[in-house]
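There are 2 protein chains.
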Amino acid sequence: MADETTFSPAATALVVHELGQHFGERLSTNETLRRQHAHTLTWGENQPPDAVVFAQSAREVARVVTLCAAHGVPVVPYGTGTSLEGHVNAPHGGVCIDLSLMNRVVAVHAEDLDCVVEPGVTRKALNEHLRDTGLFFPIDPGADASLGGMISTRASGTNAVRYGTMKDNVLSLEVVTANGEIIRTARRAKKSSAGYDLTRLFVGAEGTLGVITQATLKLHSIPEAIAGGICPFPSVEAACNATIATIQSGIPVARIELLDALQVKAVNLYSKLGLAETPMLLLEFHGTQASVEEQSARFGEIAAEFAGGPFTWTVKPEERTRLWQARHDAYWSGLALRPGAKAVATDVCVPISRLADCVTQTQADIAKTGLVAPILGHVGDGNFHVTLLVDMDDPADITRAEGFLHRLVQRGLAMEGTCTGEHGIGQLKRKYMREEHGPGALALMGAIKTAFDPKGIMNPGKVLP
Amino acid sequence: MADETTFSPAATALVVHELGQHFGERLSTNETLRRQHAHTLTWGENQPPDAVVFAQSAREVARVVTLCAAHGVPVVPYGTGTSLEGHVNAPHGGVCIDLSLMNRVVAVHAEDLDCVVEPGVTRKALNEHLRDTGLFFPIDPGADASLGGMISTRASGTNAVRYGTMKDNVLSLEVVTANGEIIRTARRAKKSSAGYDLTRLFVGAEGTLGVITQATLKLHSIPEAIAGGICPFPSVEAACNATIATIQSGIPVARIELLDALQVKAVNLYSKLGLAETPMLLLEFHGTQASVEEQSARFGEIAAEFAGGPFTWTVKPEERTRLWQARHDAYWSGLALRPGAKAVATDVCVPISRLADCVTQTQADIAKTGLVAPILGHVGDGNFHVTLLVDMDDPADITRAEGFLHRLVQRGLAMEGTCTGEHGIGQLKRKYMREEHGPGALALMGAIKTAFDPKGIMNPGKVLP
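So the sequences go chain by chain: A and B.
In terms of the working numbering, the first sequence opens at residue 4 and continues consecutively.
In terms of the working numbering, the second sequence opens at residue 4 and continues consecutively.
Think of the hints as simulated: they come from the structure by calculation, not from any bench.
Keep in mind that the hints are not guaranteed to be accurate.
[What the hints assert, rightly or not] Distance condition first, Cα-Cα at most 16 angstroms in a straight line; then the derived EDC-like pairs of lysine to aspartate or glutamate:
#, chain 1, residue 1, chain 2, residue 2
1, A, K221, B, D171
2, B, K221, A, D171
3, B, K345, B, D400
4, A, K127, A, D143
5, A, K345, A, E405
6, A, K458, A, E184
Computed from a prediction, not measured in an experiment: that's the story for all the values here.
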């Protein structure tokens, strides 16, 4: 839909000129800066905006959007640029709104276990701010992304099996709508049955329905004790079955991550860990000292039932960090498997009962295609990542990778899964939206887009095909 | 918006006739039956539909909606009729679709901790069906409501503090849209970042955007052990502060319910329990034997810090039921406080830090107004209920009650709360939507309604003012 819209370079030039009058040095048309703002961690083409404006308040964002709306000029919200599917590219040019200066923690309500943040606050900055409160924000997508960006991509990560995804941890949003109005999606109460869930509609909308200018987020108590450990398994299937049994048994596992044998080999090479090069689960349990010890012991028993083990675990922070080093080094060790290659990260998510099949078939596909591609999974959610190491100077390699990515999505969809569990659609996965949702549901999404953004100016060329 | 629409009696008569040809005895125009289907547990006027049709499949629902859409006739979906704010009334007449015959549990995926149900399955029927699986569905709004209705009102209840509300426990929906199309809102994967969250948009939409014909729900493991207990407190404030401290300390309390002194007095009278007539918390902890014992002991210590106690608790099922009898008898005991009166149940929800204030001010209001109205709270969520015992033959009593209800909502909104935590908007709370959400957010809700249901046929006169 958005792609049918034509945008006028003259209108954009006019808007950029007017914004320059108002924002002065906080507006830039410098090409390097513009290209940085279109830069994404994907292999997509760099499509820079015409200008980047650094907003400092919701009112400033509203001013930019109002002007862009008046002239039909695209608006691309920007947090830290760590998204993976081309979310911040500007295929139609327009104005990029950089929200990194809106980085205040506005309020922490310790009694209510919530906080109010501006969208440019990163997750690490928030947790640093919360240091003395006994509270933390659990969602951890890997990168130190901005919270606005994490909301917009419905991010999750290693803790989601216990604490949910961004969808579950946003109480309310302040949003600048496509006509430049500032609205609030909900009250600060922990739950409500008062009308349509606007909050969840903006979570995961990737900036295509409005610009998030403030968020009220749920916080959680820092657990009194954390146990962490690692456990080798003879096969991916055994590891997945042990994961299913663990969750079914009601153990409130906080993290449960799978590394496939190639990924373990990579960290062995990179970090000299000397681990057995078989599939491995890394786990974390949160609770009281007694309860995390009980949970760890029980997991060890379950692992043994599936021929896994030994489960090596500890409650000591420094030893836990050492045991989890394989996970922390996963990305860089993967890159080192093929020096000079670029890492293309992708994700799918399937019902957990299909996960072992999906990972095993994917490994076979990788082997058959001749790719180098370690696998890493948030297995408690049925979500896994493949890191493709691609030689960008070799068109044949790129073609192989593209074919693989396509088959991976097809495989996930065939197993009642989704084409992305946590990375989002951006530009690159739009082509799967129809197959995933069907024409009727997709038409409803299009109807929402048209209702919220009739001129199609909000992050055009994303999400909807 | 919907109220501006005019519906044609002739069109309705035509549709009812045509549906009669197809549905035979599964369509009824019997007045008693029609009035039963408009009956709600509120003091709202009974506004019956023109006909009730008992659908047996999504295709049948689609047939009804398609016909109604063609002729601009209202459609009112109906589950068990236990909603509280006039959700199933038919102020514009039209066709009520009774979904009680669509009561099959379509699938249970034990490994994935999910199940697929038709909308007429009640929560108790689902849990009965799950009996041998070790799994359960936790949401418990009190009434044995249909799951379709619980989804539509975004229901929650006593377990929500631990297991979330319906919003958190629906993976995917099959919906008949306002043009009679059957769509699916999401895949069965546990999480997804693929596009707009249509699922959460239909959750809580009260049938105004479409008719839910199937739902994929999350299930949870039945805990190995459950501890339950009761704890008196010197004041509502002490009970609320102990609740806050409990949640802050990270104790994963499964249920934490407040009865105010009047409610305790009511259960003493009704069930001869001999409890101290002070505010009381009832708690439940889910986990292993060791962990629920640890949680119970810790709560006892916290309660003592706030001058509460003794905390009487047990892990034995029959004793637990006895301790919790005060909670189970709350509704009927409340009615017995004023024989012949009708119970009008209402709810608001505020940030938990404001809960003690809100409850205390509400008690003072009740006393000043001269009402009989016990209070019951899901205090872990900041949500509480007032049961007004109203003499429906006394206009002055009704006026007093109406004034109180209005002030209660105003009080909740002034404390950053919502006019309803779990009952929904229906007809009776529409007048608070503008104040709660503001004109901009309300306009977005209106835009969604118009986009999804341009003819305004889906449950008109509900949710939006």
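Checked hints:
{"no.": "1", "hint": "K221/A x D171/B", "in the structure": "holds (14 angstroms)"}
{"no.": "2", "hint": "K221/B x D171/A", "in the structure": "holds (14 angstroms)"}
{"no.": "3", "hint": "K345/B x D400/B", "in the structure": "holds (11 angstroms)"}
{"no.": "4", "hint": "K127/A x D143/A", "in the structure": "holds (9 angstroms)"}
{"no.": "5", "hint": "K345/A x E405/A", "in the structure": "holds (14 angstroms)"}
{"no.": "6", "hint": "K458/A x E184/A", "in the structure": "holds (15 angstroms)"}
Taken one by one, the earlier hints all hold for this structure without exception.
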